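Chain residues, written in single-letter form:
Protein chains: 4
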Amino acid sequence: MNTRKKLTLFNDPIYGFITIPNALVFDLIEHTYFQRLRRITQMGMSYLVFPGAHHTRFHHALGCMHLMQKAVQVLRYKDIVISKEEEEALYVAILLHDIGHGPFSHALEHSLVTGVDHEQISLQFMEALNKNFNERLTLAISIFNDSYPRKFLHQLVSGQLDMDRLDYLKRDSFYTGASEGNINSERLISMLNVANDQLVVESKAIYSVEKFLVARRLMYWSVYLHKTGLAAEQVLIRVLQRAKELIAQGDSLQASEPLMFFLKRESEVFDQTALKHFARLDDHDIIQALKGWCDHSDSILCKLSNMILDRDLPKVKLKNKKPTSAQVDKHKEKVSKALGIPMDQTHYFVFEGQVTNRAYRNDTQNINLLSKNGKLTDVAGASDQLNLKALTREVTKHYLCYPKGKHY
Amino acid sequence: MNTRKKLTLFNDPIYGFITIPNALVFDLIEHTYFQRLRRITQMGMSYLVFPGAHHTRFHHALGCMHLMQKAVQVLRYKDIVISKEEEEALYVAILLHDIGHGPFSHALEHSLVTGVDHEQISLQFMEALNKNFNERLTLAISIFNDSYPRKFLHQLVSGQLDMDRLDYLKRDSFYTGASEGNINSERLISMLNVANDQLVVESKAIYSVEKFLVARRLMYWSVYLHKTGLAAEQVLIRVLQRAKELIAQGDSLQASEPLMFFLKRESEVFDQTALKHFARLDDHDIIQALKGWCDHSDSILCKLSNMILDRDLPKVKLKNKKPTSAQVDKHKEKVSKALGIPMDQTHYFVFEGQVTNRAYRNDTQNINLLSKNGKLTDVAGASDQLNLKALTREVTKHYLCYPKGKHY
Amino acid sequence: MNTRKKLTLFNDPIYGFITIPNALVFDLIEHTYFQRLRRITQMGMSYLVFPGAHHTRFHHALGCMHLMQKAVQVLRYKDIVISKEEEEALYVAILLHDIGHGPFSHALEHSLVTGVDHEQISLQFMEALNKNFNERLTLAISIFNDSYPRKFLHQLVSGQLDMDRLDYLKRDSFYTGASEGNINSERLISMLNVANDQLVVESKAIYSVEKFLVARRLMYWSVYLHKTGLAAEQVLIRVLQRAKELIAQGDSLQASEPLMFFLKRESEVFDQTALKHFARLDDHDIIQALKGWCDHSDSILCKLSNMILDRDLPKVKLKNKKPTSAQVDKHKEKVSKALGIPMDQTHYFVFEGQVTNRAYRNDTQNINLLSKNGKLTDVAGASDQLNLKALTREVTKHYLCYPKGKHY
Amino acid sequence: MNTRKKLTLFNDPIYGFITIPNALVFDLIEHTYFQRLRRITQMGMSYLVFPGAHHTRFHHALGCMHLMQKAVQVLRYKDIVISKEEEEALYVAILLHDIGHGPFSHALEHSLVTGVDHEQISLQFMEALNKNFNERLTLAISIFNDSYPRKFLHQLVSGQLDMDRLDYLKRDSFYTGASEGNINSERLISMLNVANDQLVVESKAIYSVEKFLVARRLMYWSVYLHKTGLAAEQVLIRVLQRAKELIAQGDSLQASEPLMFFLKRESEVFDQTALKHFARLDDHDIIQALKGWCDHSDSILCKLSNMILDRDLPKVKLKNKKPTSAQVDKHKEKVSKALGIPMDQTHYFVFEGQVTNRAYRNDTQNINLLSKNGKLTDVAGASDQLNLKALTREVTKHYLCYPKGKHY
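Chains as they are written, first to last, in our numbering: chain A, 1 to 408; chain B, 1 to 408; chain C, 1 to 408; chain D, 1 to 408.
Read the hints as simulated data drawn from the structure, not as lab findings. Computed from a predicted model, the values in this text were never measured in an experiment. We put the beta carbon where it would ideally sit given N, CA and C, even for glycine. Among the hints, erroneous ones may be present.
[Stated by the list, open to error] Going by beta-carbon spacing under 10 Å, a handful of chain B positions derived as facing chain D:
| id | residue |
| --- | --- |
| 1 | E30 |
| 2 | A53 |
| 3 | H55 |
Let the sequences and hints guide you as you build the complete structure.
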């Protein structure tokens, strides 16, 4: 290992300094695939609601890796054996766990590229990097895709208490100013342990876990599913959908080469060609396209693009009940008349949908508390009140978006 | 009003600056009754668990008054009429709401002075001050004791969302380092309103209220009812109980004059004489007495005193179930033998009791959300999950304290 | 005024909430000219050194306006008369003071657009907006360009203690994590006053002013003039210079329409046409162009573009002395040989220059302390030590950039 | 080593958690000598100016030990050999470095106990503990009194960049709310190194060191030497002086046994008897005595005691020049007349003195920067401006205290 590189530091307003643990991690960070994450915003369209939320996937990935270093230190202190190779693999796996994110992170997942989710693309990136780096990522990949026998290593990368969540709740809270998510990540990590090859927390951590689950729930409703951010995301999806439609019908349209590749693409197979184009795609391709489309002759494309660029977003109603067809149609008719577009195109401006929030999944994965006598208990059962039990229930809300009054 | 005084500022690490709004408030702060609060610790024995928790009732009272200024500003902005006189009365009432606290705040309430609680003593102090200040506190007193017709004014001083709670959760969190209580007080205040003469919050505040209630619940279990702090408090109560007993049986004992007054007193009537002595009593009388009692010939008094001074606290078990008599007796027998004291005096070292925590009382008082159309809904009902409903249930835990191994 | 709009809030992690004071300010914020600032990063290329530094001119402008509201409140409290019209004008002037910034703020000033600085462009934007808003910006403009008789109003917008500096030091410190700049803006504002129509600070603020000036000095060396950020900025300037050169010699080059306008432009007159194109130009035009140029046949353009995108920056030496020609030439020769380019093009990769830092200018503008007896003293003279006097001296450093070893 | 003890944690609002590194440290913390520090306030009378400043020597000592753990980790990482024994000795030495502080820390040093300073008393405590702990403190003592050959170990405990300063500036800043002292202790520690057996900092730390020295300077003027705190301290000194005088002339006076010992004592030899009494002395003895003396027949003692208890402090003028005898006498005459006391006793109420502040001593000890090529340079010489040089000059101010108007 190169000692010079070991001392490389990143300034981070949250943790102070982030240290690069070794030369492999250093070289991965320097790779063009990873540098691309500097141009992928962490929170999609949320910056239109929280003007401070311009932090990137690049920064989040470094933050997760920092927390992973803490976790390894804590677990080893508690006599959990983690070999040097496993340690390196953990850093690599968490560093690259989001490398498959596309423009605006989750906002365009499943719309710009269909048929694969970002984890699968991350895996493809890792495999491509593995070739470049003489197979040194093999162990990291097996931890990432959960094929490695020691399960708790995967849970540190992806689970109910993984380094990903411990970083993003804190980081998103910091940059948005929404204090709901300001969890004490380092405290939680200090109470991690391993029992029966599962990642668990010590039982004295029960209130910290409760705080973490409530923070997560509140961040979803207040920030990630904030109705205005939601509306912006839905509009962005519709801009691209319209662009695809126009291209499909033969209209000419400006777009960067990698963006055009995905706008034209019909296949759902994410092959090497797709990966090559995807590796060149970031937020700028989208925003720059929108800026060009503002002058396009198609008034729908033009109007939708402007809605994002000038933050002229639709009105949103977020309710417990699904809106009736009558309610939706009323708005569609107004839009059809006001904008002079046929009813079957009003769905670009009037649309409904639903969002769900479930703070704690105790069915598939759960958080176990480890008592001093070695007993494991699910945290929802261990709590002295039913409030955590209540958090296992999924909550669904329905939204209805339609243009603001001044557009009629 | 005296302009010079208006500009007086207190440095506060939490709010930056605290401004004294007028000369009356300034003069009350300078009064010897109020200065006494500099010598009353806010969190009783908690500093034995959280070494930073040495902040005082004096500081808390100033903090509450600061928040009250914000609240008045917010409500007036929303066109709630608050007269100049009511404004001054609010500041006076909140400033003095805790002036009746005795040594170590809640820790010795109901044991050193019996028959009255601190609110009643606060009222007596206010009435005494009212005489000194030419009846300028009359309105403040009527708001404090809830005899003033406009009920929301009282609720700002004492209620489920009063300035008291909004300050202490944040302040205690700050000084202990227990981040669970770090609520966003100013944000909550900005969403207060008044409907039907009740203090309410705007419905968009629902997640902030949820965070506040959960923070309160977690602060109780993690901090206020922390088992070691609990044990220390119970030992302190027993030191004074033992001192009273010894005095009652004619033993000689060192104590300051005001402390001796209360150790000897049998009456439960809190008259002017009691007030006069109480006004001279603070934490130092207790600690100084304990330091003297360390050499006392009564080994029980001596031992208990040392337990506080050297933080040599009992072991505590905190469980959902009440310990059985057999469990208690087993410890008592061990203590009786080890310390050579009769069984009927082992209760000084082995004792049990219970604590309760209820994050949200929706029976007597509740927090109502005000929707845009003017409708009021209880926050527990308005929440999209049952977790707030769960917080209305009272939780009881049972503790059992007994000496550490090395004492046997 | 529209009451509904008055309550509009922005979340800000630094100040908590930013309130929109009136409908004019609200409408200006909604204007496409102002929304453009969402796409202009505040700190140029600094995010390549401080990964958190992605905050924008949009956010900074809101922050300044928030501080201006505090300043107006403080000064009025001290009986400085500020009319309603002047108040509104102050908010408008500070909101728009940076609206003339182009891509990457200062990084490309004087290179992409020559002949004007960003203040002059800001003025042109304000004048354009003034037409749209029925001349309601006239007073704001006269405060901004210092033609309004009451000079302290201009100093609040632009001076040694203006709201601009009080926001950017704090904000840049927050987002970079460089704690050197974490000044106490609100405390400084609370000590502002006006004497002889000059903005002054009360004499008790002397140590706060000292802290502010030292913070500014340290932020320059540690952050704004950080050698790696400096190198990145210089590379970016050279990419555009190379692009202009290629265009001038007739090569074909991809660029968005507004960017192409400025790459082709030779005139230094910033007319309406220039303004129209400038209003559509932001960071994305630059980054997107760089991404396209990575494949260009010109190896210099291609290489320089990649250096930014993949953060493959040159080595930088920052010294007190100017490097000798021999030193520079040695690197140029290496580059010429390694990259196979003629000596007269090596200046794209090997270059020198200088930066200066002067924490406190007491010649043109100065900070005066107001003593209780009304006397004014320059802060450098009033300090009990010569350290502030020392800060009035300008410090110059010389940098030399050349490619890293692996490129030879 | 006892594993159970190793995991003991203290909550600290500044560093999160403080870990007890081993059983010896644990046992020392539990010792009655160390527990006494819970009753010694860190900042003397400063809480009368900064109401949050009630933190204790106990907490500060833990904080220093926490930073020492970081320092050991950093230096070992840089291949500086520190043996297990030296490591333990460093923790013990820093933990106990202030154990010799008496009531109100520096406020009463040299007045209650004369002839020795707190470091010498600390040494006596350490020697007494060394006997109790089977000579395990011998190495710690030799590091503390600088008789151990490896000098940098002593400098970590006591020097211009020791763990003491790195903790107290940050901690005092935190509890007072005076942001001037909020240094980045962990960053500074990360840049420590050892060269020629001297503790040095890496040259890239130059701006952090500058910030540290300026922070120290500003904390002295704004906080430690705040004129009101200064006045309170001087009054406290005079209360005890008056008490000694009355005792010397045979008056009867209430005081706890250990306090009385020192009030009566004339010897300057600090022997075992003195240590025994000193070990039982803390803030409470003083405050409790003052409370008793409020009713004393000597009006001077009584008045001075009240001035502290009710924070009825004198007026203070802090100037660059020494007040003239005429100025002092004028106030003395007023006091003599108003209070009816002879001129030769007015010095209790009217007094002058001086304070000095020197941010950086480069004569006896200095801070050296270590450049990459191994060269050492004094930080004041290395700075690009003369401002650090200016900080090496000692600044003296003169104060004059006299009663407030209402007392005449």
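Problem - Hinted contact A53 of chain B with chain D - closest CB pair below 10 Å - result: holds (9 Å)
Practice task
Double-check E30 of chain B for me: the hint is only fine if its C-beta lies closer than 10 Å to a C-beta in chain D.
Solution key: With a minimum Cβ separation of about 7 Å from chain D (threshold 10 Å), the hint on E30 of chain B holds.
Exercise for the section: Please verify that hint: H55 of chain B, Cβ, nearest Cβ of chain D, below 10 Å or not. Expected result: holds (6 Å)
Every hint from the earlier list agrees with this structure, and none is contradicted.
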